[in-house]
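We have chain A already, so just place chain B on it with the hints.
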Amino acid sequence: MIGLLLAIGLLIISGIGAMIASARPRIATMIGVGGTMLGGLLGIIPAIQVLSGHAIAPIRLPWSVPYGGFYVHLDGLSAFFLIPMLGVPALAALYGSRYLSVSDGRRRLGTHWFYFNLLTACMALVLIARNGVLFLMAWEVMSLASFFLVTFDDEKEHVRQAGWTYLVAMHLGTAFLFVLFILLGKQSNSLDFDHLGSAVGMIPANAGLLFVLAIVGFGTKAGFLPMHVWLPEAHPAAPSHVSAVMSGVMIKTGIYGLLRTLTLLGPPAAWWGWLLIGIGLCSGVLGVLFALAQHDLKRLLAYHSVENIGIIALGLGVGVLGMSLPSTPLMVLGFAGGLLHVVNHALFKSLLFLGAGSVMHATGTGEIDHLGGLMKRMPWTAVTFLIGAIAISGLPPFNGFVSEFLIYVGGFEGVSASHISPMIAGLIVLGGLALIGGLAAACFTKAFGIIFLGEPRSAHPAQAHESPWAMRLPMLALASGCVLISLFAPLVFTWMEPVLVITTGLRPDQLNETLVGKVELLNYVVILGVVFMAVALILLLLRHRLLSRRQVTHTVTWDCGYARPSPRMQYTASSFVQPLTDLFAALIRTRHSLDTPSGLFPRHASLTTNTPDIWREHFYQTAFKAIVWFLARFRWLQHGHVQLYVLYIAITLLVLLVFKVG
Amino acid sequence: MYAISMFHTALALLLAPLLLGIINQTKAFFAGRDGIPLLQLYYDLWKLLHKGAVYSRTTSWIFRASPVVGLAAVLVGLTLVPWGGQAALLSFEGDLILLVYLLGTMRFFTVLGALDTGSSFEGMGASREVQFSALAEPALLLALAVIVQVSGSISLSTMYAALTPALWLESGPAMIIVAAAILLIYLTENARIPVDDPNTHLELTMIHEVMVLDYSGPDLAFILYAAALKLWILGSLLVGLLLPVHGQGWFNTILFFVGMLFLAVVTGVIEASMARLRLQRVPQLLVCAGALAVLAIVLMQR
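Which chain is which? The protein sequence lines are A and B, in order.
If you're matching positions, the first sequence starts at 1 in the numbering used here and goes up one per residue.
If you're matching positions, the second sequence starts at 1 in the numbering used here and goes up one per residue.
One chain only, chain A, in its complex shape (with noise of 0.2 Å):
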């Protein structure tokens, strides 16, 4: 535990040393990447031993806050989301320390690493927090701090707009965990999560009420539909390692807390996991839609995010359906996959997110229509990027593949159950994940293809080059990451057990009989995995030998007789996308404004398809235009006179005591 502290401690002197070496960016950059990735792997360390199995006592410290105390505590559900926590972002620092040195100088990039290592530090105590007071001050310094990182590229109009969008979706998120503790915290009257258990032997509709809070305020961060209308704006704007951090590690605080609270709650209701279903299909189905007709690259991965979290929701929704009935396969199947999604998109989301900053590192642009045949340009990038690519769509031999095979298991053991509930929500498991596959699989052939393969559509990746070392490396590390949890997915899934025990509640000799079943399908799924890619290695060495003594002729693209082909000529992005876009147009409302040609002579012609967030422009813009035509009616109170401002605190807290005490 001390080790741990120290290692947050390490966080935030390194982040102090980065400001204070403010004037001098390269040290400052030293500083706090050094301090990002010595921390990250002191804080490691600790988490590794709690999940293989020696337990580290709790540090209480007194605080003169009321209600607060500095408790800590990292036990199995902690460390589980500890380690990649502390592991992406020290990678995703040694890429940003040179993804950032293009703008040495220009800007303070020590303060950026302040607030990058703050973060840092943060999510590590989050995770740690066992006390209402200090978890949401935790929480709201994270949140801060992302804003901040967020707006880094302060000068551009649509980077400041998208941090506001965040920052207010973060604090009304917040703004509901703040009643959320207040009402846990109100029969036990200490804010210490052991005591906020024990006070809910409570009526069952009060615990529901915390429940939904929970939900509303947890999925604002974690961006559960239709609170995720921050993140489409939000991971464009920042730079790309911090895109990969907040997107691949930190909104999954918010599945933190939600387990973390369901732990809190007790017993769940059945209704309870209905509404993580519900929620993990419209998340991952309209997720992966939006994604489909985005036109920027990052933006795309944004909107794949709500779409891998709406898959964790589901794997959730099982696991408490499960305790509901109760039944132990749900319960393991759907917690242990959706558990293990969370570390499997850390690892892809961030590895996107980062090849999708050295291509705009290397071309300028994000804009996918403008890209194509960096495979060439940019191997090393390419071949990592395909990696995360075919990870995220679930696709074996990769590790999105095995998670989403615990959930489609857990599926199958619903409809294969005698009850009709578990029944109607298996099916809906099966053909939500098989959808969300589906189109995840034809969204990134369409990233990837357009991108990396062809020839360039623009000047922009025509003068390509690949990225340094510094941002290789950590792509790399990313992507055989990728490979080693697919490799090792048995073991991974053993190593589970202490973090099953907790959001279960079920003793380890209970969940021991189902664990083992379930490790050896992932065995059978890993061998085959193994076997496929030794198939695939064979065929080639046979296709090499067949070819070796034989005429290989290079010439062009079949182009049916046509003489003049050119690279403009090639599918688009969009082209690619419209069969499916057409046919859920009346759920993304993609909007198009056609020039036709006219006339015998035509002059130009264009066409330019845009898909704004629904929600963000029917549901928030309309409620939010409503407050403000409200708020407006009280606007003669707000007069810009101080002295009447202290006389309204004064007033307010008479009043207050008056309440109080009469």
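Honestly, the hints are just simulated from the structure, not real lab data.
Every residue gets a Cβ at the ideal spot worked out from N, C-alpha and C, and that includes glycine.
Among the clues, some could well be false.
[Unchecked claim] In the SDA-like style, the derived pairs of lysine to any residue whose C-alpha atoms are separated by at most 20 Å in a straight line are:
(1) B/K51 x A/L539
(2) A/K376 x B/R57
(3) B/K47 x A/L547
(4) B/K47 x A/L539
(5) A/K376 x B/S56
(6) A/K376 x B/A65
(7) B/K51 x B/L213
(8) A/K376 x A/L476
(9) B/K51 x A/H544
(10) B/K51 x A/L546
(11) B/K51 x A/R549
(12) A/K376 x B/Y55
(13) B/K51 x A/R550
(14) B/K47 x B/L224
(15) A/K376 x A/A459
(16) A/K186 x A/T263
(17) A/K376 x A/S458
(18) B/K51 x A/L541
(19) A/K186 x A/G68
(20) A/K376 x A/R472
(21) B/K47 x A/L546
(22) A/K186 x A/L264
(23) B/K47 x A/R550
(24) A/K376 x B/W61
(25) B/K51 x A/W558
(26) A/K156 x A/E367
(27) A/K376 x A/H460
(28) B/K51 x B/R64
(29) A/K186 x A/F176
(30) A/K376 x A/T572
(31) A/K625 x A/W636
(32) A/K376 x B/V54
(33) A/K625 x A/W615
[Stated by the list, open to error] Every beta carbon over 10 Å from chain B, so not counted as near; a handful from chain A, in silico:
(34) I59
(35) L61
(36) V133
(37) T174
(38) H639
(39) L653
Positioned in the frame of chain A, the structure of chain B alone reads:
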């Protein structure tokens, strides 16, 4: 028992290209032609394996890896499919998910190979392929979910072993509906009429054929052979449902093989007697397959 499964797998490897010959012969019969020889695909494969190759200068290693990955995926998938009343070579709980997703990996690489050429025709085919497969995948899993529910198992071999003639008598209508759903998926996934026309000669109207337009030599042989095996895999899933025979013995093997031949004839009849659907209509067909599967599950409830 294991030896028989091995034998069945070898049979699939050997006879899969024959099914396409039968389909073509049937079509020729209905059109009043002599048709291409029954063993044409074998000749083609033999010829292609002995040729050199031509590659587009636009392509990268993805284009060369794509046929290899595709063939590897169907080869591994083939070992999971039960055949002739016998368990598959390999079986474990959840193997049906792996099978469906291996076909997904194959498709992923075929599409990337098509996009790698930078040709707008191949992009067009790829675009259609991802649209239809995104809808076919849920339909296939839902259809298999019916059998999962009947058998209480999620391993293909155990699932198909639980299908008995008694079950057909008991819930025949539901089983027919599932079979119809799987037939639709079988036609779509194998690029047959009414979804795709393998005989079309205009790049603009193709789906699967146009994606592999730039392949030649051994690569094309791999692709054609993989397509034949895929037809065999999905065909076995359908025939296994319709012919609930169990136990080992030559009789079952022969009966099942006749079933496969009959399916090929039926495919040929469908191709000869139907026009291809308009592309916009195909999604409706696939949604229909998914709806049929759900309907069957509802009918199975009592």
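Here is what the structure says about each hint:
Between B/K51 and A/L539, the direct Cα distance comes to roughly 16 Å. Compliance with the 20 Å bound is thereby established for this hinted pair. Using a Cα cut-off of 20 Å, the hinted pair A/K376 and B/R57 holds, with the two alpha carbons roughly 11 Å apart. For the given pair, B/K47 sits about 13 Å from A/L547 by alpha-carbon distance, which is consistent with the 20 Å threshold. At most 20 Å may separate the alpha-carbon atoms for a hinted pair to count; B/K47 and A/L539 meet this at roughly 18 Å.
For the suggested pair A/K376 and B/S56, the alpha carbons sit about 14 Å apart, so the restraint of at most 20 Å is met. Restraint check for A/K376 and B/A65: the C-alpha separation of about 15 Å stays at or below 20 Å, so the hint holds. Distance hint between B/K51 and B/L213 is fulfilled; the C-alpha atoms sit about 17 Å from each other, no more than 20 Å. Using a Cα cut-off of 20 Å, the hinted pair A/K376 and A/L476 holds, with the two alpha carbons roughly 18 Å apart.
A hinted pair counts as satisfied when its Cα atoms are at most 20 Å apart, and B/K51 with A/H544 qualifies at roughly 13 Å. As the CA atoms of B/K51 and A/L546 are separated by approximately 8 Å, the hinted pair is consistent with the 20 Å bound. The straight-line distance between the Cα atoms of B/K51 and A/R549 is roughly 10 Å, inside the 20 Å bound, and the hint therefore holds. This hinted pair checks out: A/K376 and B/Y55 have alpha carbons roughly 15 Å apart, not beyond 20 Å.
For a cut-off of 20 Å, the pair hint linking B/K51 to A/R550 stands: about 7 Å separates their Cα positions. Simply put, B/K47 and B/L224 have alpha-carbon atoms about 12 Å apart, close enough for the 20 Å limit, and the pair holds. Straight-line distance between C-alpha atoms of A/K376 and A/A459 comes to about 15 Å, which keeps the hinted pair within the 20 Å bound. Proximity of A/K186 to A/T263 is assessed by CA-CA distance (about 18 Å); at most 20 Å being required, the pair is judged to hold.
With a C-alpha separation of about 15 Å, the suggested pair A/K376 and A/S458 falls inside the 20 Å cut-off, and the hint holds. As the CA atoms of B/K51 and A/L541 are separated by approximately 16 Å, the hinted pair is consistent with the 20 Å bound. Distance hint between A/K186 and A/G68 is fulfilled; the C-alpha atoms sit about 14 Å from each other, no more than 20 Å. Annotation: proposed proximity of A/K376 to A/R472 holds, straight-line Cα distance about 16 Å (limit 20 Å).
With a C-alpha separation of about 12 Å, the suggested pairing of B/K47 with A/L546 holds against the 20 Å cut-off. Proposed proximity of A/K186 and A/L264 is supported: the alpha carbons are some 14 Å apart, at most 20 Å. Proposed proximity of B/K47 and A/R550 is supported: the alpha carbons are some 13 Å apart, at most 20 Å. Annotation: proposed proximity of A/K376 to B/W61 holds, straight-line Cα distance about 9 Å (limit 20 Å).
Straight-line distance between C-alpha atoms of B/K51 and A/W558 comes to about 19 Å, which keeps the hinted pair within the 20 Å bound. The straight-line distance between the Cα atoms of A/K156 and A/E367 is roughly 17 Å, inside the 20 Å bound, and the hint therefore holds. Our distance criterion of 20 Å between C-alpha atoms is met by A/K376 and A/H460, whose separation comes to about 14 Å. A distance of roughly 15 Å separates the Cα atoms of B/K51 and B/R64; the hinted pair therefore holds under the 20 Å criterion.
Simply put, A/K186 and A/F176 have alpha-carbon atoms about 15 Å apart, close enough for the 20 Å limit, and the pair holds. Between A/K376 and A/T572 the CA atoms are separated by roughly 19 Å; this keeps the pair inside 20 Å, and the hint holds. Between the alpha carbons of A/K625 and A/W636 the distance comes to roughly 19 Å, so the proposed pair stays at or under 20 Å and holds. The straight-line distance between the Cα atoms of A/K376 and B/V54 is roughly 19 Å, inside the 20 Å bound, and the hint therefore holds.
Taking the CA atoms of A/K625 and A/W615, the gap is near 14 Å; set against the 20 Å cutoff, the hint holds. For A/I59, the shortest C-beta to C-beta distance to chain B comes to about 43 Å, beyond the 10 Å cut-off, and the non-interface label holds. Once the 10 Å rule is applied to beta carbons, A/L61 is consistent with being away from chain B; the minimum gap is 48 Å. At roughly 45 Å from the closest C-beta of chain B, the C-beta of A/V133 stays outside 10 Å, upholding its exclusion from the interface.
Consistency note on A/T174: stated as away from chain B, and its beta-carbon is indeed over 10 Å from all of that chain's, at 37 Å minimum. Every Cβ of chain B is farther than 10 Å from the Cβ of A/H639; the closest lies at roughly 58 Å, confirming the non-interface assignment. With a least beta-carbon separation of about 60 Å from chain B, A/L653 lies farther than 10 Å from that chain, consistent with its non-interface assignment.
Hint compliance for this structure: no hint is broken.
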